[in-house]
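Colleague: Below, each chain spelled out in residue letters.
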Amino acid sequence: MKLDVRLPIGMMFALFGVMLVLYGLATRDAGYQRSLGINVNLWWGLVLLAFGLVMLAFAIRARRAGGGATGSE
Amino acid sequence: MQHIDLGAIDYAILIVYFAFVLGIGWVLRRFVRSSDDFFLSGRSIPAWIAGLAFISANLGAQEVIGMAASGAKYGIMTSHFYWVGAIPAMVFVGIFMMPFYYGSRARSVPEYLKLRFDEKTRGFNAITFAVMTVFSSGISMYALAKLLELVLGWSFHTSVVLSAVIVLIYILLGGLTSAIYNEVLQFFLIVLGFLPLVLLGLKDVGGWNGLVDKLQPVATDAGFAPGAWTDSWQHMGSPTANPMGVEWFGMVMGLGFVLSFGYWCTDFLVVQRAMAANSMAAARRTPLIAALPKMLFPALVILPGMIAIALHGTGGGLLPIGSDGTPNYNLAVPVMLAHYFPSGILGLGLTALMASFMSGMAGNVTAFNTVWTYDIYQSYVRPGQSDRHYLRMGHLATVFGILASVAAAYAATRFNNIMDMLQLVFAFVNAPLFATFLLGMFWRRATGHGAFSGLLLGTAAAAIHHGLALPQGAVPGLKGGFLGAVLHTYPSEMAQNFWTAIYAWTTCFVATIVISLLTRRNKSDDDLRGLVYALTPRLKDRELPWYKQPATLGVVVLGLTVVLNVIFW
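Order-wise, the sequence lines are chains F and U. With the numbering used here as the guide, the letters of the first sequence map in order to residues 1 to 73. With the numbering used here as the guide, the letters of the second sequence map in order to residues 1001 to 1569.
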């Protein structure tokens, strides 16, 4: 079967998440005036990481179940 | 305008994104063995993937930039493009038209026209579509490169060449599958890249209620009722009461019925995604699945524009002022990105903008190479060659399509008027199309001569109407009135466009019927089996669970759309 599209999507967003979280931690004293005082890198990085991991979990579960490698059917 | 400075982290995100889109193409390259794999993904795509690709292919940079610009210029009425325009049309194509597109085993929309009508109708549609897609991909490339030049100080050439080369590589490697998979990735990237912008913007203006308050002075300053920017229907009684300058009938008929149905139901760029689905049921669900996120897109693409103009009005001068004294609405999205996003997430936002552009371009190029290879090359240039030959032609057509888009982008930098004129001509050609398909699919008596002459007359009607009318305050020329006399003045350009479409559609509809009745049928009932409603066995989808039944899904989608219209009435 073909590639499960959730695999690259999950990998990319998990990676983006890690990058933004690390950058957010490194810059947490920067003030973040533009984003209304919110450390948007840290928080949105966590959202991206969570989304990426959920996608990866779906892809891995489908692979374990065998067969439906391209998605839900 | 002050350039935005990008940090290393922003470039890192952009580079990771490039690596992933190319990687997807690389992994998929071994699945491309036949022309069917290259042009139609071997009809193997699950419904949800096809559905997300269906929206993403349409979600080019011009949509993201343009919808935000309209949001700033016209307010929430822009959402009619979704809640009156796109969604009902997507439900219609899924439930009523997909059985014929997918069931006929046609490989493209023009090929359906050949099966249903005749060679000349197909030829007309194939050639205009091929030229149109190449130019629209070039124009959107131009728009994006100009924007990046203005906002980031990137060189125009670098942007054009870099994006063209990346799209070229991933399509050459994996064909339509690669384009579709990347469109799904791009879809999520666009949503997750713009969502934090909307959330921050809304927080800044004090939520929806705060936005409503802040947009009141914008509306009253422009001479409208205070709610004109935040009520979608209340001010549509007369064209003078709302910033779009359109009354409800012109909007519902022109935008909703003619233009949106014409685009979503007949444009091969989107229909191709559904044709690649792995079963009839999946193909019919594709536009319906697409409609669910699509109806929420106004929040993602229109709201940033509305927030930008609200801040512009109260905070003073957020948007740069153009040479004609009005704010440069097209800069709403990049200005908002620069306003709210610090380094880091800024890279994500810009990558999302790049992603929207690439998905749109890949959509155009994959549709072009298919129509070129199957409907022009295989039909008129070299019929009867081996599949290998056509696969190779597909690769060449991809290269050619991208080169031609790049050429069009450069032409746009020099001959802006020619580009505007081309877009106008395309609008004339597109307006009547839906009448042809409607009659073709639901009236077996429609003949090839009827369809072809209907299309030509509809296109001519569009040109004549446009040539005799003018939007208020415009000078005769490209904007209309080029036939010498101005018989009608519309309150806005949009109203004029909607009515041009209405005239074109009606002319095509009537002319096709009349000429069909005067000419002999060129296809027997046997020929038309599977192509026309009355001659196709009803599909039974009772055995599917309810959420997979197209009709049930369609009702759910339409119900939710009505709710949205009422909430933002």
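Just so you know, these hints were derived from the structure itself, not from any lab. Please read these numbers as outputs of a predicted model, since none were measured by experiment. Some clues are possibly wrong.
Stretch by stretch, here's where chain F covers chain U in the computed footprint (C-beta under 8 Å, at least three residues) [as the list claims (entries may be wrong)]:
#: 1; segment: 1027 to 1041
#: 2; segment: 1176 to 1187
#: 3; segment: 1195 to 1204
#: 4; segment: 1215 to 1228
#: 5; segment: 1251 to 1258
Quick list of in silico lysine to any residue cross-link-like pairs, SDA-like style, CA-CA up to 20 Å [as the list claims (entries may be wrong)]:
#: 6; chain 1: U; residue 1: Lys1114; chain 2: U; residue 2: Leu1535
#: 7; chain 1: U; residue 1: Lys1479; chain 2: U; residue 2: Lys1540
#: 8; chain 1: F; residue 1: Lys2; chain 2: U; residue 2: Asp1037
#: 9; chain 1: U; residue 1: Lys1540; chain 2: U; residue 2: Gly1042
#: 10; chain 1: U; residue 1: Lys1203; chain 2: U; residue 2: Gln1216
#: 11; chain 1: U; residue 1: Lys1479; chain 2: U; residue 2: Ile1513
#: 12; chain 1: F; residue 1: Lys2; chain 2: U; residue 2: Lys1540
#: 13; chain 1: F; residue 1: Lys2; chain 2: U; residue 2: Trp1026
#: 14; chain 1: F; residue 1: Lys2; chain 2: U; residue 2: Val1027
#: 15; chain 1: U; residue 1: Lys1203; chain 2: F; residue 2: Ile38
#: 16; chain 1: U; residue 1: Lys1203; chain 2: F; residue 2: Gly31
#: 17; chain 1: U; residue 1: Lys1120; chain 2: U; residue 2: Pro1383
#: 18; chain 1: U; residue 1: Lys1203; chain 2: F; residue 2: Val47
#: 19; chain 1: U; residue 1: Lys1203; chain 2: F; residue 2: Leu36
#: 20; chain 1: U; residue 1: Lys1120; chain 2: U; residue 2: Leu1535
#: 21; chain 1: F; residue 1: Lys2; chain 2: U; residue 2: Gly1042
Sample of chain F residues lacking proximity to chain U, with all beta carbon distances greater than 10 Å (derived) [said to hold, decoys possible]:
#: 22; residue: Asp29
#: 23; residue: Arg34
#: 24; residue: Val47
#: 25; residue: Leu56
#: 26; residue: Ala57
#: 27; residue: Ile60
#: 28; residue: Arg63
#: 29; residue: Arg64
#: 30; residue: Ala65
We put the beta carbon where it would ideally sit given N, CA and C, even for glycine.
Colleague: All hints, please: hold or fail.
Modeller: Outcome of the hint check:
1. Residues of the segment 1027 to 1041 of chain U with a Cβ under 8 Å from some Cβ of chain F number 3, which satisfies the need for three, so the listed coverage holds.
2. Chain F is given as covering the segment 1176 to 1187 of chain U, and this holds because 4 residues of the stretch bring a CB closer than 8 Å to a CB of that chain, at least three being needed.
3. Coverage of a stretch by a chain is defined here by at least three residues with a beta carbon nearer than 8 Å to that chain's beta carbons; for the segment 1195 to 1204 of chain U and chain F the count is 4, and the condition holds.
4. Counting residues of the segment 1215 to 1228 of chain U whose CB lies closer than 8 Å to any CB of chain F gives 0, which falls below the minimum of 3, so the coverage claim is violated.
5. Counting residues of the segment 1251 to 1258 of chain U whose beta carbon lies closer than 8 Å to any beta carbon of chain F gives 0, which falls below the threshold of three, so the coverage claim is violated.
6. Only pairs whose Cα atoms come within 20 Å are accepted, and Lys1114 of chain U paired with Leu1535 of chain U is accepted, the gap being roughly 17 Å.
7. Simply put, Lys1479 of chain U and Lys1540 of chain U have alpha-carbon atoms about 49 Å apart, too far for the 20 Å limit, and the pair is violated.
8. Between Lys2 of chain F and Asp1037 of chain U the CA atoms are separated by roughly 12 Å; this keeps the pair inside 20 Å, and the hint holds.
9. Annotation: proposed proximity of Lys1540 of chain U to Gly1042 of chain U is violated, straight-line Cα distance about 24 Å (limit 20 Å).
10. A threshold of 20 Å between alpha carbons decides the hint, and for Lys1203 of chain U with Gln1216 of chain U the separation of about 18 Å falls inside it, so the pair holds.
11. In summary, the hint linking Lys1479 of chain U to Ile1513 of chain U is not supported, as the alpha carbons are separated by about 31 Å, beyond the 20 Å threshold.
12. The hinted pair formed by Lys2 of chain F and Lys1540 of chain U fails the criterion: a straight-line CA distance of about 29 Å is larger than 20 Å.
13. For the hint pairing Lys2 of chain F with Trp1026 of chain U, the CA-to-CA distance comes to about 12 Å; that is within 20 Å, so the pair holds.
14. A hinted pair counts as satisfied when its Cα atoms are at most 20 Å apart, and Lys2 of chain F with Val1027 of chain U qualifies at roughly 9 Å.
15. For the proposed pair Lys1203 of chain U and Ile38 of chain F, the alpha carbon gap of about 11 Å is at most 20 Å, so the pair holds.
16. Among the hinted pairs, Lys1203 of chain U with Gly31 of chain F is consistent with the structure: their alpha-carbon atoms are about 17 Å apart, no more than 20 Å.
17. The straight-line distance between the Cα atoms of Lys1120 of chain U and Pro1383 of chain U is roughly 16 Å, inside the 20 Å bound, and the hint therefore holds.
18. The straight-line distance between the Cα atoms of Lys1203 of chain U and Val47 of chain F is roughly 18 Å, inside the 20 Å bound, and the hint therefore holds.
19. At most 20 Å may separate the alpha-carbon atoms for a hinted pair to count; Lys1203 of chain U and Leu36 of chain F meet this at roughly 9 Å.
20. Taking the CA atoms of Lys1120 of chain U and Leu1535 of chain U, the gap is near 23 Å; set against the 20 Å cutoff, the hint is violated.
21. As the CA atoms of Lys2 of chain F and Gly1042 of chain U are separated by approximately 11 Å, the hinted pair is consistent with the 20 Å bound.
22. At roughly 13 Å from the closest C-beta of chain U, the C-beta of Asp29 of chain F stays outside 10 Å, upholding its exclusion from the interface.
23. Non-interface call for Arg34 of chain F relative to chain U: violated, since the shortest CB-CB distance, roughly 5 Å, does not exceed 10 Å.
24. Not every beta carbon of chain U lies more than 10 Å from that of Val47 of chain F, the smallest distance being close to 7 Å; the non-interface claim is violated.
25. With a minimum CB-CB distance of about 13 Å to chain U, Leu56 of chain F clears the 10 Å threshold, and the non-interface call stands.
26. Interface exclusion of Ala57 of chain F from chain U stands, the closest Cβ pair being 15 Å apart, more than 10 Å.
27. Every CB of chain U lies more than 10 Å from the CB of Ile60 of chain F, the least distance being 17 Å, so the non-interface label holds.
28. Residue-level check passed: Arg63 of chain F sits 15 Å from the nearest beta carbon of chain U, beyond 10 Å.
29. Its beta-carbon lying about 18 Å from the closest one in chain U, Arg64 of chain F satisfies the requirement of being farther than 10 Å from that chain.
30. Under the 10 Å C-beta cut-off, the non-interface status given to Ala65 of chain F relative to chain U holds; the minimum distance is some 15 Å.
The structure fails to meet hints 4, 5, 7, 9, 11, 12, 20, 23 and 24 from the earlier list, while all remaining hints are met.
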